[in-house]
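Colleague: Heads up: the protein sequence lines correspond to chains G and S, in order. Going by the numbering used here, the letters in the first sequence line up with residues 2 to 336, in that order. Going by the numbering used here, the letters in the second sequence line up with residues 2 to 336, in that order.
Every clue listed holds true.
Rough simulated footprint, nothing fancy, chain S against chain G, three-plus residues with beta-carbon under 8 Å:
#: 1; region: 39–48
#: 2; region: 67–78
#: 3; region: 89–95
Treat the hints as calculated values from the structure; they're not laboratory data. Here a beta-carbon is modelled for each residue, glycine too, at the ideal position from N, C-alpha and C.
2 protein chains.
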Amino acid sequence: MRFLLAVGTTKTAEIDGISAAGTTPAQMRHTPPADAEIVTYGTTVTAPVMPVSPAGCPTPAVVTRAVRELRDFAVASIDAGLAAPTAAPTISIDATPGGDVREPTPVAAAEQILESARALGQALPEDELVIGESIPGGTTTALGVLAALGEPYSVSSSLAENPLELKRAVVDDGLTASNIDRGESAMEPVRALRAMGDPVLATVTGLAHGGLTAGKSITLAGGTQMIAVAALLRHAGVEDDLRLATTPFVAADPSADIAPAAADLDLELTVTDPDVAETSNEILARYEAGEAKEGVGMGGALMLAEQANIPMETVRDRISSIARDLTANPPTHGS
Amino acid sequence: MRFLLAVGTTKTAEIDGISAAGTTPAQMRHTPPADAEIVTYGTTVTAPVMPVSPAGCPTPAVVTRAVRELRDFAVASIDAGLAAPTAAPTISIDATPGGDVREPTPVAAAEQILESARALGQALPEDELVIGESIPGGTTTALGVLAALGEPYSVSSSLAENPLELKRAVVDDGLTASNIDRGESAMEPVRALRAMGDPVLATVTGLAHGGLTAGKSITLAGGTQMIAVAALLRHAGVEDDLRLATTPFVAADPSADIAPAAADLDLELTVTDPDVAETSNEILARYEAGEAKEGVGMGGALMLAEQANIPMETVRDRISSIARDLTANPPTHGS
Chain G
2 MRFLLAVGTT KTAEIDGISA AGTTPAQMRH TPPADAEIVT YGTTVTAPVM PVSPAGCPTP
62 AVVTRAVREL RDFAVASIDA GLAAPTAAPT ISIDATPGGD VREPTPVAAA EQILESARAL
122 GQALPEDELV IGESIPGGTT TALGVLAALG EPYSVSSSLA ENPLELKRAV VDDGLTASNI
182 DRGESAMEPV RALRAMGDPV LATVTGLAHG GLTAGKSITL AGGTQMIAVA ALLRHAGVED
242 DLRLATTPFV AADPSADIAP AAADLDLELT VTDPDVAETS NEILARYEAG EAKEGVGMGG
302 ALMLAEQANI PMETVRDRIS SIARDLTANP PTHGS
Chain S
2 MRFLLAVGTT KTAEIDGISA AGTTPAQMRH TPPADAEIVT YGTTVTAPVM PVSPAGCPTP
62 AVVTRAVREL RDFAVASIDA GLAAPTAAPT ISIDATPGGD VREPTPVAAA EQILESARAL
122 GQALPEDELV IGESIPGGTT TALGVLAALG EPYSVSSSLA ENPLELKRAV VDDGLTASNI
182 DRGESAMEPV RALRAMGDPV LATVTGLAHG GLTAGKSITL AGGTQMIAVA ALLRHAGVED
242 DLRLATTPFV AADPSADIAP AAADLDLELT VTDPDVAETS NEILARYEAG EAKEGVGMGG
302 ALMLAEQANI PMETVRDRIS SIARDLTANP PTHGS
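If we strip away everything but chain G, and leave its shape as in the complex, we get:
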């Protein structure tokens, strides 16, 4: 098994109020590099920020790292369009940051990214891939892709108050700019990604497609962005078994409808509960209250912990100690 983390950025994330993946829009480009460093090293290294929401909620990377420290699984990050450097080792697929979804073609290289990621997913030697993501603003581009494909599902948010009205307005602007109607890109995933997507959606779709072609077991580790990936795969005619591993925080989000979407798309849905009620874990309580909720493969990591019979109490304790160290030793490198 290998855990793949696709990390990238878009101009869409800079739209005010769209994402909680950073304290400010200007800081958000450092969130995916920092997330990759936290999963790799347990701490930020050269990224100049500790990724927190505007309200100070720590990144779900701490959950994925916690499980990784308890169950030593192999990780590779994939540069799916980073806009800032990272000290995490990344696999290059020649992706560049995405544009603003309100432009006509925010991911002009969608086809090339899909193809490079597909070749990589097919060539990797492991029988099982668990694929997570970190891209600020990613639920908005996911909503855009779903609209282009004509899928009715809504999306979740890293903010406690999902700014769905704003996302819908941005997606409407994007459809207009791209000159496509809702559903007009059905069965045309490349077109949907080019016009309304982001490079991380293209990368994860390609990785999963390639892995499935090679007969691997594929788990999409995430929330509604991974619903968009699954929709892209189904619209590409991929009918293989596919698992979605997510958190109870996304599964419980009434704005997200994840269970019916997963059923529609013929996904095996795995929701792993870190048993927040059992504890006073501050971070998980914030996730339960609606902040972050998912990201950086958190749901997949929790699934991996459960598969290895690691008690959730142990996972929660490790989450707390990693978050405490990160908060006590914030990055001192310039920004």
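Given chain G, work out where chain S should sit, using these hints.
Modeller: Only chain S this time, still in chain G's reference frame:
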């Protein structure tokens, strides 16, 4: 502890007869990408070659991978100027391939590479770094740097018959083209690297320097290229403790003088013997007969095995099985 693998290329490697790190000069640019894949995954992934010498001797990457499978240490590869893609995750320090050492300035960006690598080596969270390399033609540029610094040491070779006359002629041409006399760059490591080095030497020197600045324990894992790195560090005024971990195959090379050079440079020399005499291991027998001898951190990996009390018989068996799998399943991707 983390094992860092600096991988890069130069035009120097294309000089006919200079290196055994690939079947042909044209194939050599794929050797560092393939070595990084073998250490990371245990097999080549997208690299189109199985790195072998012109005589068919497998890459020392199999030794490093073997130890890694037996003692699960953390690895990060660093792109120190790759000229071909790799599916191994790599840390970017914005290095580009080196030129031909017979040009005036084969590593124009030496200072920037040194600085980026230094910042990385300092920032990495581990207390101990073991640093290896893969760069075809690397002993020639090492000889060039030693000449520029005015150090008298000779270098080893990945070929059973060290083409020292050719290397010396190439270095003489390089000194002339760079318009510097032997020893004229003493105490000027940046100038020596710019005029006579390669991007991997610059990267390893920077990583080690940064790590030492942060108080880390540093092991240079390799042969005479690492002697050049140690010389660069001493000429930069770095007086910290420094270890060189190498193989008995380099240590026994009469063309290399590694023990007196290590003593001169105040290095703690660790030579770890995989006990070839005890066995009929075909690969190690070829290394003992003078092919490959070192590279991809082999000497450091053997040291790590010994530190962990892994029996050398176990290491040898694993080397054989990895090499067998690699030979049985050569890359099928295009070249």
